[in-house]
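For the record, the sequence lines run as chains H and L.
Residue 66 in my numbering sits at position 66 of the first sequence; the count goes up by one each step and never skips.
Residue 1085 in my numbering sits at position 85 of the second sequence; the count goes up by one each step and never skips.
Just so you know, these hints were derived from the structure itself, not from any lab.
Computed from a predicted structure; not experimentally measured.
Calculated cross-link-like contacts (lysine to any residue; reagent style SDA-like; alpha-carbon spacing at most 25 Å):
id: 1; chain 1: H; residue 1: Lys127; chain 2: L; residue 2: Leu1004
id: 2; chain 1: H; residue 1: Lys127; chain 2: L; residue 2: Ala1003
id: 3; chain 1: H; residue 1: Lys127; chain 2: L; residue 2: Asp1005
id: 4; chain 1: L; residue 1: Lys1153; chain 2: L; residue 2: Arg1141
id: 5; chain 1: H; residue 1: Lys25; chain 2: H; residue 2: Ser46
id: 6; chain 1: H; residue 1: Lys25; chain 2: L; residue 2: Arg1408
id: 7; chain 1: H; residue 1: Lys127; chain 2: L; residue 2: Leu1007
id: 8; chain 1: H; residue 1: Lys25; chain 2: L; residue 2: Leu1401
Each pair of labels, with its calculated beta carbon distance range:
id: 9; chain 1: H; residue 1: Gln147; chain 2: L; residue 2: Ile1301; range: 36 to 42 Å
id: 10; chain 1: L; residue 1: Arg1328; chain 2: H; residue 2: Arg23; range: 24 to 30 Å
id: 11; chain 1: H; residue 1: Glu126; chain 2: L; residue 2: Ile1301; range: 42 to 48 Å
id: 12; chain 1: H; residue 1: Glu126; chain 2: L; residue 2: Arg1329; range: 23 to 29 Å
id: 13; chain 1: L; residue 1: Leu1007; chain 2: H; residue 2: Glu74; range: 34 to 40 Å
id: 14; chain 1: L; residue 1: Arg1396; chain 2: H; residue 2: Ala82; range: 19 to 25 Å
id: 15; chain 1: L; residue 1: Ala1283; chain 2: H; residue 2: Ser79; range: 53 to 59 Å
id: 16; chain 1: H; residue 1: Val24; chain 2: L; residue 2: Leu1007; range: 39 to 45 Å
Partner residues are not named here, just some residues of chain L that face chain H (Cβ under 10 Å, in silico):
id: 17; residue: Ala1006
id: 18; residue: Glu1317
id: 19; residue: Arg1321
id: 20; residue: Arg1327
id: 21; residue: Arg1329
id: 22; residue: Asp1330
id: 23; residue: Pro1403
Note that the Cβ used here is the ideal one computed from N, Cα and C, for glycine as well.
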Amino acid sequence: MASDAPLIAVDSLSRSYRMGPHRVKALDGVTLRVERGEFVAVMGPSGSGKSTFMNLLGCLDRPDSGRYALDGEEVGRLSSDALAVVRNRRIGFVFQSFNLLPRQTAQANVELPMLYAGVAHAARAEKALAALAAVGLDGRAHHRPTQLSGGQQQRVAIARALVNDPVLLLADEPTGALDTATSLEIMALFQRLNRAGITVVLVTHEPDVARFARRVLSFRDGHLVDDRAQVPEEALA
Amino acid sequence: MTALDALRSALDSLRASPLRSALTMLGIVIGVAAVIAMVAVGAGARDQVMRQIASLGTNLVMVGQGSVVRSGVKLGAGTAATLTEDDATAILNDIPAVTVTAPSVRWGLQIVAGNQNWGTVMFGITPDYMEARDWSIVQGRGISDQDVTQAEKVVVLGQTVVRSLFGGGDPVGEQVRVFATPLTVVGVLGEKGQNTQGQDQDDVIFLPLSTAKRNIPGMAKSNPRFIHSVVVKTHDGADQDEAQAQIRELLRQRHRLIDGQDDDFWMRNLSEVAATRDASSRALSFLLAAVAAVSLLVGGIGIMNIMLVSVTERTREIGLRLAIGARRRDILMQFLIESTTLSLIGAAVGVVTGIGTAMVVAGLAGWPTLIRLDSVVLAVVVSGLVGVFFGLYPARRASRLNPIEALRHE
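Just chain L, with the same shape it has in the complex (with noise of 0.2 Å):
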């Protein structure tokens, strides 16, 4: 018997009952659309989360003010005051593969523009801070070299605070305040959208570092050249890790730490951040695809339960096949077909139903989904072997049954 021939014979005898054959194939469908839908939602969150990664730098690490331990209580990040601008300069000067270095302050405030007012973000910044950053300006101009030595009582704003400020007009040469200070708005930000923590990046405004230091009560009056944190940006291809263990020995020799004495700032790589990210999203989709890969084994033990009944209902059928002259490895692989046929019927069917499903939700939950061909592969092809390894056992006890026996079988 020909291969053609047994999936002949395996069509018409799925086609014998229709309704019992889709609803055994159900189990497939749903197993193999689960399978590919659940791939693309987790495959688009992780895709959303490295472009995220992307859009903040990968070379970059913060430096930030650590905590002071004052009779044995740590007080809070940013206590010790004692990063300065001096640190930035000495880490761009004595550290090769560092290429920018971009001190900022930073302090939560109040923007009033006219009637309106907004609680907004205030960073002290540099230009180098915007470059650092990869901060675009779509109207008017950054901040300058010149407002920072001049201390410009000039701002830039974030596409949030605009919004929230103007409704979306051009504020370029419009006057703010924060505090009671007044400034002139010269440039917009560019759009960011959310971290990955889902905040808001482009509630932001931004002042020349020196401006801030000067007019926001509550900097570090005790030592002018006080910041917060600095954006130390290596080059490209640099060791990420050896900059790192070289700003950390650098400044603690600066702020004069012995040994034993914890470090007095705090520094975060953003490529440790991805890989914290990545991890997650990637257990995220593996436990979407474990839960899809449950419910193909139970698409599969569906198959073998109708698979055993067809054997007991055709029981004479095969008796006269066996009688006619089928070998035992034909009957075998009548019903392996037959089975694996059904399994491949519904695997298509569940491609078309979970590519179906993914859009949907892509269109309705506004979740990102990304269609994986691996997915689709896998699905047919685990969809495949489940036909095949839950058809054996049926196709087995066909193929064992005594022709005599089976004849005589009512």
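If we strip away everything but chain H, and leave its shape as in the complex, we get (with noise of 0.2 Å):
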């Protein structure tokens, strides 16, 4: 794990999916880098290739080419088993649809990603604890995802993603299924964690979510069209 690299190197990456008789480009040619610390928006309309690019970056696919290296380690290659682990380990996923088991409590949805990398029990139950606390959500362990409102289940989604300290955060959509003041709410959080160190991609349509990036990334077609930086605005809350 070499610190010097960037925290994602990606070139020209390819992506294509048999459609019928026909091979679609999903993704073409995509190459860029991103730092430690950044916090990405990626846009586009549906069809432009962001969401192959999430699943690539989130190591849930691999690359037909192209090189992607995550925290200094080439990964494109890498079995499904090796996979999970980088998964596990390196990158936490935040999804439109929360995606929390409905018939557990908040701790054992955080607890669920260290079941997977073998922490003791007691550990476990500490660090979700700490997880929960730090996005807000202290006092609500105990509750299930149905006696929690949409903003408080993301949350509790958040410190899933968080619980084994990740070197990347990763969301897709995340205000998606939200009202506009939670959706500030939530961003306000993404910010939080931004500035406290973790490297945030986030992929969204929406514009209003992207005002809150440093870097907007723009897709279309399977090809990177725009990368510029801006000025975030505060979400605050």
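With the hints as a guide, bring both chains together as one complex.
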């Protein structure tokens, strides 16, 4: 793990899918760097390749060609078990629909990634409670998702993403299922986490959400068409 | 993910739909209960048969009067009238393995006591017969040597006869009649119960051999030495087959049978009877166990069915678990442990139900049952294997899901 390497180094990354007789190039030769501590918004209309890019960054998928190094380690050619370990230790996922286990408490949901990391029982509880406190949910550890509001549920999901101390937080339309006020709260949380040192890559099609990022990548037809830094607005809440 | 964590999460998801889990287990419960109860019934029946055979004595050879062939027609057993008391003596004297020979005649007749009468089977015997067939005396005495030499008019009654004629009262010293002959009851036999054919062995009376021949009409008068059968007892550990071959050779010689001529007697070895009976009850046990095994199989298919439904329903959960770092084998283990937990809980309930059923059958139907530990262990192990085997396909399906598609699944 070379700490002087960029956190994300992507070179000529391509991925195509078979659609009936055709091969569709969902991502075509994307090259970019993301440094530690950045807050990046990935934008583009549906079909632009931003989801494919996200899946590749998240090690959920492998590229057809090109290179992808995460935190200095080449991950584009790893086996599926090795990718699972990378996802578990280095990446935290936040989804539009939260994806919490409905019958488990908030604490049990947050503990889930540690189960696969082999963390001992007592340490799990301690870290889970700390992660819940970090997202402002102390006192809700024993609530089930159905007993929590949408915003609270997304906070639980963020706590779950943070609990294994990842180097990268990947969020896929994290405010897509939330109202405006709650969305602002969640964006404020992301900004706070980013200021504390976590690299955030956030996929969205809403300019309203992208304005809180410090860098905006725009995708169209599988190509990276725009890469621009901006002064973020403060969500603050 | 440790096994304990996996087990905890399996129990959680089974608790999520208790009714479904219970119904899924039902197949295994019934299968295991059926295995245990049916093996118990089969083993009980076998045990009873073996005990009956042991009660007959296993080192016995029965030699009986054969049939006569007249003009190509084989008459029934006992028509030849060539077997004699002297044959019995010769067997005892000439064959080293033989320790006792007990000649007897047998006749169905009516016995009268006061105003009661009862149809039973009379055996004319010597004291050796009582010993060879392990008859005990519970009241009075048995047939003695003196009774035989003096042709005393005495009789020993079986339990069933005592019940029928004397209503269970003490018959010793009472007078009874067979045909026109008055006899004094001198003893009562111990109870033997049913034989392997289900006949009542206690419905019997014993007379001295000489008395029977002299006083029962219809006994072959042409040959006063004539008998119906001889019970031959060999010493423990003697080679039964060899002894039987020697007896056969001796009798053929004595009866002057030439080569090619059929035996005019029959021989039966009780261990042969035992083997046949044992084989048939073994076949019964096997059949019962096979039926039970089929129901276990059906239970397994039920588990597979529900696990497939569960995998489909929980596609998003599987996608999430894969995304946050579960390896394929973690998912495989999770679903395997779930299906095995289902089948093992089912098996535990089945063991209790099976033992209960066997007890109820023993109590209500009066069948002997014998709960065998090996059947319990086997049923539980097989259920575990059923859980693994039928859980494997759904679990593989779950573990091979593509995380991206699984997360998008509605």
